[in-house]
Amino acid sequence: MPATLTTTERQLMEALYGLLRDSDPARWRPELAGHLRERLLGLRAQLAAAGPTVAALPRGVLDELRAVLEQRAPAPELGAERLREAWADLRRVAVPLYERLAAALRGHDVHVPSLRPTNYARNVFHVFNGLWALVMLHHVLGPRTLLPITALMTATFWASEILRRRSPRFAALFQRSTARIAHPHEAHRVNSATWYATALLGLVLMGDLAAATVAVLVLGFADPAAALVGRRFGRVSLVHGRTLEGTLTFAAVGVAAGAAGLALYAPALPLLPLAVAGAVAGALAELLSRRVDDNLSVPLVVGAAVVTARAALGV
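For the sequence shown, counting from 1, position 160 maps to 159 in numbering that gives the first Met the number 0; every step adds exactly one.
Treat the hints with caution; some may be incorrect.
What follows is a list of derived Cβ distance ranges for each label pair [unchecked claim]:
#, residue 1, residue 2, range
1, His137, Gln174, 31 to 37 Å
2, Thr117, Pro57, 23 to 29 Å
3, Ala251, His187, 29 to 35 Å
4, Ile161, Pro266, 38 to 44 Å
5, Leu312, Gln174, 43 to 49 Å
6, Thr144, His187, 31 to 37 Å
In case anyone wonders, no lab produced these hints; they're calculated from the structure. Using N, Cα and C, we set each Cβ at its ideal position, and we do this for glycine too.
Start from the sequences and build out the full structure, keeping to the hints where you can.
Right under this line is the structure:
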């Protein structure tokens, strides 16, 4: 199979990604139903006309997708609430198919955006992880145990990743146990929790507890806030599926969360400059993360930014 997408294949993936992104329940509006249906019909026509021009995309998955788009296409005469439910039902089946296509392309070093559907349970879990990490850093683990315990935790997560790939039974069990909080693409890629554990180890190795405090709070609070606002109100597209509204929300919430953490645990430091440095750096990392999971990139970039800001300020 080729290592690059044909024009037809790229158009198919872009159309499918756009349709599934814009029919997310957080973006749903009854007045958009007609436009979404036109796009769905256009995508079906693209799939039907693709024929031999499709070489890189797995044909079996494309056949499943074609059947889903035909059999589950929401009928236009449905009422607003039933129409919303019908689109949600279509997405429930189509999103995993999109991620299977994306995973196949990544095997040939062709990267397309991953879908990040609205998931309120995951948003709550993000906040919980930020607070949990804060408690561990300041109230549970001491100077002697911080590094070995964090390293052990990271090693355990990576061991589970290896086991997922070697044991289909463990992979299925893992997938079922994380179904409520995992994004669909994590079935085919390293789990975000593994990247987060790795980031925590990196923060500990930086040796700056104030920087780690800002980092875990920025990721824990700013990332889910940006996701909620970006999906619900995002209109100005930037890159990698992010929006201006979401990115600005990330920076604002990140400043507030970082400053609050410093006020509690490092009140002698200049709160606002360090919080702004961390939050802005984190917003840029989240915006530009494509091949790197933002649960790894955001905490490490935030931590590095705070360390750099402290050095520049001499504090």
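Results of checking the hints against the structure:
no. : hint                         : verdict
1   : His137 to Gln174: 31 to 37 Å : 34 Å, holds
2   : Thr117 to Pro57: 23 to 29 Å  : 27 Å, holds
3   : Ala251 to His187: 29 to 35 Å : 33 Å, holds
4   : Ile161 to Pro266: 38 to 44 Å : 43 Å, holds
5   : Leu312 to Gln174: 43 to 49 Å : 46 Å, holds
6   : Thr144 to His187: 31 to 37 Å : 35 Å, holds
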